[in-house]
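J.: With the sequences and hints as input, model every part of the structure.
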Amino acid sequence: MNTLPLWWQNGVIYQIYPKSFQDTTGSGTGDLRGVTARLDYLHKLGVDAIWLTPFYVSPQVDNGYDVANYTAIDPTYGTLDDFDELVAEAKVRGIRIVLDMVLNHTSTAPRLVPRVVKEREPVPPVLYLARRRAHHPAE
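With the UniProt record's numbering as the guide, the letters of the sequence shown map in order to residues 1 to 139.
Hints may contain errors.
Heads up, simulated DSSO-like pairs for lysine-lysine below, C-alpha to C-alpha not over 27 Å straight-line [as the list claims (entries may be wrong)]: (1) K44 x K19; (2) K91 x K19; (3) K91 x K44.
Treat the hints as calculated values from the structure; they're not laboratory data.
T.: Here you go:
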């Protein structure tokens, strides 16, 4: 039996909000290339893993946590090639990448809120819990 702790139990995990981390294009918004550019610095800090907050396509109503497409990178942050380069360069330095996958809710973008809300079409209950208006606890 292995009694060594798993890497994440004692690892140094550095959370990065790509939007405000490092801009490499001059747009004023951070991007994936900016994260890649800082890997040597993070390695020197002793970082074991980078926790990347959402960089998926999003209307940005909820700081990227309102994901509109789980299979695409928001062009504001770069491309799939930029992400692949980040992963490869992190691996060279022994830094793991942890993605913040927002799976308990989505954007209200048309692609993800299908006929369930628009047409009240039946759908397996595990997919969406649709309400006409969200309830706020303070109300």
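J.: All hints are to be evaluated individually against the structure, with a verdict given for each.
T.: Verification of the supplied hints:
Taking the CA atoms of K44 and K19, the gap is about 23 Å. The hint holds against a cut of 27 Å. Distance restraint check for K91 and K19: the Cα-Cα separation of roughly 22 Å lies within the 27 Å cut-off, and the hinted pair is therefore satisfied. Only pairs whose Cα atoms come within 27 Å are accepted, and K91 paired with K44 is accepted, the gap being roughly 14 Å.
Checked against the numbered hints listed earlier, the structure breaks none of them; every hint is satisfied.
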